[in-house]
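Please take these sequences and the hints and turn them into a complete structure.
The opening residue of the first sequence carries number 18 in this note's numbering; numbering runs sequentially from there.
In short, the hints are calculated from the structure, not lab data.
Beta carbons are placed, not taken as given, at the ideal position from N, Cα and C, and that holds for glycine.
Treat the hints with care, since some could be wrong.
[To be verified] Just the calculated beta-carbon pair ranges, DEER-fashion:
#1 Trp442 x Pro246: 33 to 41 angstroms
#2 Glu21 x Leu277: 47 to 55 angstroms
#3 Glu412 x Trp442: 19 to 27 angstroms
#4 Glu412 x Pro213: 49 to 57 angstroms
#5 Pro249 x Ala188: 40 to 48 angstroms
#6 Glu117 x Ser215: 42 to 50 angstroms
#7 Glu424 x Glu193: 50 to 58 angstroms
[To be verified] Cut-off 25 angstroms, straight-line C-alpha distance, at most; resulting in silico cross-link-like pairs (DMTMM-like, lysine to aspartate or glutamate):
#8 Lys127 x Glu114
#9 Lys245 x Asp173
#10 Lys176 x Glu228
#11 Lys241 x Glu184
#12 Lys38 x Asp48
#13 Lys241 x Asp173
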Amino acid sequence: MTTEAASYFSRELLDWYRGNKRVLPWRMNRDPYRIWVSEVMLQQTRVDTVIPYYERFMDKFPTAAALAEAPEPEVLKCWEGLGYYSRARNLQAGAREVVERHGGIVPEDKEAVSALRGVGPYTAGAIMSIAFNRPEPAVDGNVMRVLSRFFCLEDDIAKPATRVKIEKLAASLIPEGAAGDFNQGLMELGALVCTPKSPGCLTCPVMMHCEGRMAGKEHVLPIKTKAKPPRPETRLAALIVGSGQHAGKVLVRQRPATGLLASMWELPHVLAPQAASGDDGLPVRGRKRGRGSQQSVNGKERGGDPVQMDLLCRLLAQEERLLVRPVSWWGEAEHIFSHIVWDVQVYRAEFGFMLRADESPLEHAAAAGDAVLTWHDTLAAESLVSYAADNADKELPANYRFIGPEEMRELAFPNVFLRLLRDYWTLTD
DNA sequence: TAAGCGTGGTC
DNA sequence: TGACCAAGCTT
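And the structure:
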């Protein structure tokens, strides 16, 4: 790399950015809190997706102090549908740190910013350069792609070591006094011109000295190893409609505070063992969402797959101490994560009863009986129903609730369950 | 280092 | 239609 090429690149890119930058809500001013929120939302998320979330979030939590004071469920609800929910929790934790340790002002210090929860090398560099115009690199996927092409770098950008290398390069390119615009220019070029699939070299402000293009490699760069394919899982979910004081409401549960979809709400569901994942182990076709319980597809019984219904009943009892009687197949939904694909089979089920963690299952054994774990056992079902009638007002564990459409507006659900519940209430009305 | 962690758009 | 992938961080 020549220093001429480098200074050419920096100068042309900066000019191009200043003449072509998009008008975006987080570019209104240089409030570091606003920049911070935008950068966290933009992690692995497209600009168009972020904009409405950002507007709502800033409206509701306009300052670090406002975010710090908010109840976590409200923050999570505001993030609902955006994905990677640990970002929301970390952002709020970061805001609380800012309030407690920095008087509510985002510190202008690289180490202090980097120490905030959820702020990694990219976000720290973005905040320091965009909000404070400090000469720190902010290397994301765009920047790695743009620089890999311009300098014809063949390092695998999927490897962490490559990001470190490109950070050093990016730092060396920052023009005096223009860190914020330059860093944003790199990303803007990657987003608008130097795109992953078909780079717009003809309109690129730095095409004349682009080594990747000159080598004819603009379509093969950057080098990136493939990700592992997601593993398929069949999830058996229960749509449990309450009676008595819970009439018309649906039983939902909150997930644990860590791991996948942490603290989000959902229909109770269990992981089906491989063998019971469907007739042929593949997602069942032709039974998409909605009222499908009267259909008979792929050889399944009218009311649903007895093996899956039996499993659903047994596993909910074992894992959740939740006793229900699956009644009929209701619908299906697919949910695609980066690393897992859920095929969710939803069954309507009648509520029996639920034990809290501090209750011994033994004292209820007589009432329920072992056989109650088998949904199609008529005697068991009857004893379950009569037991349930006696325990209609029994308190649920803290992470379980019967809710109607109104309560849904306050609890955060992952999209797959949002869709299912909206379908249910729409079809029920 | 590699894996876990969401969702929707694109070609 | 199915890969690919988008302004990454944490463990």
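Each hint, compared with the structure:
{"no.": "1", "hint": "Trp442 x Pro246: 33 to 41 angstroms", "verdict": "holds (35 angstroms)"}
{"no.": "2", "hint": "Glu21 x Leu277: 47 to 55 angstroms", "verdict": "holds (50 angstroms)"}
{"no.": "3", "hint": "Glu412 x Trp442: 19 to 27 angstroms", "verdict": "holds (25 angstroms)"}
{"no.": "4", "hint": "Glu412 x Pro213: 49 to 57 angstroms", "verdict": "holds (53 angstroms)"}
{"no.": "5", "hint": "Pro249 x Ala188: 40 to 48 angstroms", "verdict": "holds (43 angstroms)"}
{"no.": "6", "hint": "Glu117 x Ser215: 42 to 50 angstroms", "verdict": "holds (48 angstroms)"}
{"no.": "7", "hint": "Glu424 x Glu193: 50 to 58 angstroms", "verdict": "holds (56 angstroms)"}
{"no.": "8", "hint": "Lys127 x Glu114", "verdict": "holds (15 angstroms)"}
{"no.": "9", "hint": "Lys245 x Asp173", "verdict": "holds (15 angstroms)"}
{"no.": "10", "hint": "Lys176 x Glu228", "verdict": "holds (22 angstroms)"}
{"no.": "11", "hint": "Lys241 x Glu184", "verdict": "holds (17 angstroms)"}
{"no.": "12", "hint": "Lys38 x Asp48", "verdict": "holds (18 angstroms)"}
{"no.": "13", "hint": "Lys241 x Asp173", "verdict": "holds (5 angstroms)"}
In the structure shown, no violation is registered for any of the earlier numbered hints.
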